[in-house]
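Colleague: Sequence:
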Amino acid sequence: MQKLLIANRGEIALRIMRTASALGIRTVAIHTANDANGLHVRAADDAVEVPSYLDIDAIVAAARAVGADAIHPGYGFLSERSAFAREIEGTETVTLVGPSAAVMDAMGKKDAAREIAVGAGVPVVPSYANDADPATFAFPVLVKAAAGGGGKGMRIVRALDELDSSLAAAKREALSAFGDDTILIEKYVERGRHIEVQVLADHHGNVVHLFERDCSTQRRHQKVLEEAPAPTITQVQRELVTSSAVALARAVDYTNAGTTEFLLDSDTGEVYFLEMNTRLQVEHPVTEEVVRVRGERLDLVEQQLLVAAGQPLSFGQDDVTVEGHAIEARIYAEDSFGGFLPQAGRADLVRWSEAARVDHALESGQVVSTSFDPMLGKVIAWGEDREAARARLIDALDRTAVLGLTTNTGFVRALAARDEFRDATIDTAWLDHAEVAPPSARVPLTLAAWVAAALTGPRFAAAGASDPFAPDGWRTAGPKAPTLVALEHAGAVHELEVDAEASTVDSVVVRERSLADHVVVLTIEGRDELAVVNAQAHTIEVAYQGQRFVFERPDAFADHGSAAGDGTLVAPMPGTVLDVLVTVGQRVAAGETLGAMEAMKMELALKAPFAGTVTEVGVSAGQQVALGAMLMVVEAGDE
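Per our numbering, the sequence shown starts with residue 6, numbered consecutively.
Treat the hints as calculated values from the structure; they're not laboratory data.
Below, simulated SDA-like cross-link-like pairs (lysine to any residue); rule was C-alpha separation at most 25 angstroms, straight line:
1) Lys8 - Ser319
2) Lys157 - Leu59
3) Lys192 - Gly126
4) Lys157 - Asp136
5) Lys8 - Arg86
6) Lys612 - Gly633
7) Lys157 - Glu191
8) Lys612 - Ala349
9) Lys192 - Thr273
10) Lys192 - Leu168
Computed beta-carbon distance windows for the label pairs:
11) Gly184 - Asp511: 56 to 62 angstroms
12) Thr598 - Asp353: 32 to 38 angstroms
13) Pro145 - Glu359: 43 to 49 angstroms
14) Glu97 - Ser57: 21 to 27 angstroms
15) Gln628 - Gly350: 17 to 23 angstroms
16) Pro145 - Ser181: 22 to 28 angstroms
17) Glu530 - Gly184: 55 to 61 angstroms
18) Pro145 - Ala314: 45 to 51 angstroms
Quick caveat, the model's predicted, so the values are computed rather than measured.
Glycine included, every Cβ here is placed at the ideal spot set by N, Cα and C.
Produce the entire structure from the sequences given, and follow the hints as far as they go.
Modeller: Structure, rendered in structure tokens:
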């Protein structure tokens, strides 16, 4: 293998390039027009523009044009599209780093994969035929797309009267995401743990497993925290899932890296096959961190490339062991404490922790759009045991900052610090009903006030500040006056008195430990507090425990007019209007769906805040809207 085209973008493209370059393989990036300056493009040896990351013909043509002899699809996009694999197989000169099209066809449809699993002796979830009488179903049931994953086209149905609408929604979502609206109906396990097994198989009949991962901490079937090894399974269950994964891989003549997913029923201890992912997984780093082959760490991408080049695996099952524990947190552009809505904008200041492994593709000044998946990076911590790994992950997330737009960093940090995660009691449904509280603004407010005073107060002036209007604390009699700092947050203005000489903020004793390069460490009430701070002319942003806090400097001359009335529906996220279901003059009921919009693969219904009459409709279907754009106005009135 001499030249590798990576049919992907972002952090996974960079991840693949690092290994390929280390092996002496030249790399080729593909990119769309609006992604031409992406980190993955700059990191590659060569780059080719394509109309879309989903354009099979253009990508294969690009590989031929640059003389690439292999294509790595990463994950997402075309990574599990058998049509893409088949097109590459037809070239004869280009190799896909992954399984064959036939295997993708066999395992890509959950209904077909289920039958293969049964034939291989792998336990499966009890299911219902689509033409069965719904009155015979034992609710709750799970309806899910047969052709996809990632939680798309999936609904939990708890009662018969919910079935039709859930099926329709799942089919619509599945057709949009995967081009196939085939649906499975299965028993829904209320309390389950998501266990998956990493396998490697070559073209010479060798198949090994690399033990298991636990991905139970997920929200609406989207993984949030992943770890290896699984902390709660028994040795009997471990042997069952690992042997089942190998048996399934052998049954379909699998080659390259793949992952078999299982659901462990916490109430019964039974294990069920869910699906097989015929690609590299997002969470593969936790396996790389804990697996040892004859005592050495394993690079999964390297193994993928070697297998694709026709080499046999250089080790057997008896050579594989596990050392320590690893936990991964996915960092998304979303407001987790504000309804998990996707976010977009300019990442003014980005700091990734050096206390853990970080796979990312985000740098300061980069614009995050809604055109692609919202995942920005992954923070992976290894420890001698699970508690050591958890502590290191929390520390790494404390040192992670994305300012300029909101991410879920504070959310995953709070989640990792929860007793439930510490005790490994979180199941796959826990996050859908649990309350995870955001960090308090008290400490960030103190940090922001101290920084504001340091920049404009007496100490700053004494250091030779160029601002002639910076207060110096001088007065005709008595000690120097403290610096008054006014900051607005969450609709409230806070006036804080910062006394540099007494080292207090509103009488709270503060000891400055370091204040440099946007990193602030203060001892507040005897506790060391670390934050990343970006102070601008009108705002001070603080990343504290991963969470972004925005403090505005109040403008006495600003027009503080009243906010829009409760009947004004504004875009809660930048995105595309999918549908508008009402017209001006139409009477609506409270909670009635007025339309829908989509951003970053997430669909959101726009509902009437109360009964009344639609007085304005400011958008149409297909229109792109910015965050906060006025969509519709409802005037209160009798239903």
